[in-house]
Amino acid sequence: MVKRTALIIDDEEQIRRVIRHALSDDFPHIIEAATGAEGLDLAAAETPELVILDLGLPDMAGLEVCRDLRKWSTAAVVVLSAQHADQEKIKLLDSGADDYVTKPFSTLEFKARVRALLRRTALPGIGTGTVIQCGELKMDLTARTVSLSGKRVHLTPTEWELLRVLMTHGGRTMTHRQLFAAVWPGKSAGDAQQYLRVHVANVRRKIEANPINPRFIFTEPGVGYRFASCD
Amino acid sequence: MRSARPPVVTWSLSIAALGASALMLLAFRSQLETVHVALVFLLVVLGASAYGGRLLGVTIAVASFLVFDWMFLPPYRTLLVRNPLDWLVLAVFLVTSLVAAQLLYLARAERVAIDSADALREADRLKDALLASVSHDLRTPLTTIKGLAHELQSLGDERALIIEEQTDRLNRLVTDLLDMARLNGGALRLDIQVNAVDDLLGAVVQHVAARPDRHRVIVSLDDPATLLFGRFDFVHTLRILANLVDNALKHGPVDTPVHVTGGLSGNEVVIRVSDHGPGVPEDERERIFTPFNRSGEAMTGGDSSGLGLSISRRLAEAQSGTLKCLAPPDRGALFELRLPKADIQEPA
Chain L
1 MVKRTALIID DEEQIRRVIR HALSDDFPHI IEAATGAEGL DLAAAETPEL VILDLGLPDM
61 AGLEVCRDLR KWSTAAVVVL SAQHADQEKI KLLDSGADDY VTKPFSTLEF KARVRALLRR
121 TALPGIGTGT VIQCGELKMD LTARTVSLSG KRVHLTPTEW ELLRVLMTHG GRTMTHRQLF
181 AAVWPGKSAG DAQQYLRVHV ANVRRKIEAN PINPRFIFTE PGVGYRFASC D
Chain U
232 MRSARPPVVT WSLSIAALGA SALMLLAFRS QLETVHVALV FLLVVLGASA YGGRLLGVTI
292 AVASFLVFDW MFLPPYRTLL VRNPLDWLVL AVFLVTSLVA AQLLYLARAE RVAIDSADAL
352 READRLKDAL LASVSHDLRT PLTTIKGLAH ELQSLGDERA LIIEEQTDRL NRLVTDLLDM
412 ARLNGGALRL DIQVNAVDDL LGAVVQHVAA RPDRHRVIVS LDDPATLLFG RFDFVHTLRI
472 LANLVDNALK HGPVDTPVHV TGGLSGNEVV IRVSDHGPGV PEDERERIFT PFNRSGEAMT
532 GGDSSGLGLS ISRRLAEAQS GTLKCLAPPD RGALFELRLP KADIQEPA
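Same order as they appear, the protein sequences are chains L and U. Reading the first sequence from the start, the letters are residues 1 to 231 in our numbering. Reading the second sequence from the start, the letters are residues 232 to 579 in our numbering.
Where hints are given, some of them may not hold.
[Unchecked claim] With a Cα cut of at most 27 Å, we get these calculated DSS-like pairs of lysine-lysine:
{"id": "1", "chain 1": "L", "residue 1": "K91", "chain 2": "U", "residue 2": "K358"}
{"id": "2", "chain 1": "U", "residue 1": "K555", "chain 2": "U", "residue 2": "K572"}
{"id": "3", "chain 1": "L", "residue 1": "K187", "chain 2": "L", "residue 2": "K206"}
{"id": "4", "chain 1": "L", "residue 1": "K151", "chain 2": "L", "residue 2": "K138"}
{"id": "5", "chain 1": "U", "residue 1": "K572", "chain 2": "L", "residue 2": "K206"}
{"id": "6", "chain 1": "L", "residue 1": "K206", "chain 2": "L", "residue 2": "K138"}
[To be verified] Restraint-style ranges between C-beta atoms, simulated for each label pair:
{"id": "7", "chain 1": "U", "residue 1": "E513", "chain 2": "L", "residue 2": "N210", "range": "35 to 43 Å"}
{"id": "8", "chain 1": "U", "residue 1": "G250", "chain 2": "L", "residue 2": "A116", "range": "47 to 55 Å"}
{"id": "9", "chain 1": "L", "residue 1": "D41", "chain 2": "U", "residue 2": "Q262", "range": "53 to 61 Å"}
{"id": "10", "chain 1": "L", "residue 1": "A45", "chain 2": "U", "residue 2": "R236", "range": "56 to 64 Å"}
These aren't lab readings, by the way, just hints derived from the structure by calculation. Bear in mind the structure is a predicted one, so any value in this text is a computation, not a measurement. By construction, the Cβ of each residue, glycine as well, lies at the ideal position given by its N, Cα and C atoms.
Could you put the whole structure together from the sequences, leaning on the hints where they help?
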């Protein structure tokens, strides 16, 4: 059995303490770094499964640490950010971070986010011929069909593609740009990008029992959308 | 920010402002909570730092700290503090004032060095950086306090829950102050997009999802069969609605519903938030949108900074919308947010 390792990169000792406490149930081995450079060295040496990365590091921008890490690490990356940094959060998610938590966060919320993320990364890779099921919603990737409680849902090609991308990344926040790039490959963002929100609204109307209280597609305000995390 | 006034004048003005605020607050001491006092003093410190520089900022910060403790934290007229939660307010107040004074000083020092050619653009970037850094520096200690309180709670200390709640409250105050600074400093970023009203109302439901009284919030569309779209900034609009809904939950009696409805009126998307509370008297319906308005504060239950409604209205106007407090059909308060609608040709 491999010892599960988590790495905390934050220059504030007290924050590291709080996070260490929150992670101690799930991770027997927790290592810490106070700077980005030190964090990258530790990540290379110890190959952690989870990296908690603070955005306000003294030596380098969190974005750089994340980009560098992503070149060679498959660790799940959770970013800690202060509120009102939507633009920064988007950049980080676009450059490979898996999720973010906003300060001041509650320990319960933090634990829940980390667990959902690890559950997702633990899933086997999704190949062709797989069926993805989430509650009464079922997607057949080979037959290219979607059904809700056994009843076929009719989607336009764009809606199908959008739902496919969201469902195959369940539990993960997809930024508007990531969704756009996946659904309209090769097209430059711009005029058509505004239709992303229109398509999401249309898909919700087709699969959600109550589109203004969704159970499958959640909105991450200012950032993007997240499909429910299903086991 | 650079003052043409001689330092003697700035210093005297700041000390006078501190004295005046202390006397004014003293008159209402029995009705005020410590957080209100902290907030007013914080504004004095910010003003002093902005106009007089670091030395004045720090001096006023320390002076307000002492006055705060001496005059407003029981037992009065001593530097002792009886209530442990007051320690928290006092400590956060001192840290906030000192950090703000230092950051304003740094921002100004950097600003002086900037060549006048791109001074404006650079100043904007700095304003952003300053606010981001204030935000980070204030929220980091709050995160630690909240996290440690959670640990104490798991050890069975029920007072820890109060610490956690108060931390959330301080965080809301910090958010309000930062938003006000952003609006006043012209540093507000707008991201106007075509958004679905479904999406917005769904986000309101998510906003209250963690509250024990979430079942009171009833969200609906005037015409559920029609998809409505508007042109607005999603995050700012959600902030307005979250603010209105939080207020409504606070003012409506326990177990009465808060209705949030979405509809269309002419060229505008109309979102209404209504409660079954005491309502807003007719002559107060405009005044509650002015910052630090006494009746506005009373309206928001004294739990907020008294800035919420004024921030909300300005956010609405920044995106070509309006926010009004209307006469309700029966009783309670009724707020109406109007935003430009968007016409969508069904995309392929």
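Now the hints, each set against the structure:
1. Distance check on the hinted pair: L/K91 and U/K358 sit about 20 Å apart at the alpha-carbon level, within 27 Å; holds.
2. Distance restraint check for U/K555 and U/K572: the Cα-Cα separation of roughly 18 Å lies within the 27 Å cut-off, and the hinted pair is therefore satisfied.
3. In summary, the hint linking L/K187 to L/K206 is supported, as the alpha carbons are separated by about 26 Å, within the 27 Å threshold.
4. A C-alpha spacing of about 10 Å is found between L/K151 and L/K138, which places the hinted pair at or below 27 Å, so the restraint holds.
5. Under the criterion of a C-alpha separation no larger than 27 Å, the hint pairing U/K572 with L/K206 is consistent with the structure, at around 23 Å.
6. Of the supplied pair hints, the one linking L/K206 and L/K138 holds, its CA atoms being roughly 13 Å apart against a limit of 27 Å.
7. Restraint check, U/E513 to L/N210: a C-beta distance of roughly 36 Å satisfies the suggested window 35 to 43 Å.
8. Checked against the hint of 47 to 55 Å, the C-beta distance between U/G250 and L/A116 comes to roughly 54 Å, which is consistent with it.
9. Roughly 57 Å separates the CB atoms of L/D41 and U/Q262, a value that falls within the hinted 53 to 61 Å.
10. With their beta carbons about 58 Å apart, L/A45 and U/R236 fall inside the hinted range of 56 to 64 Å.
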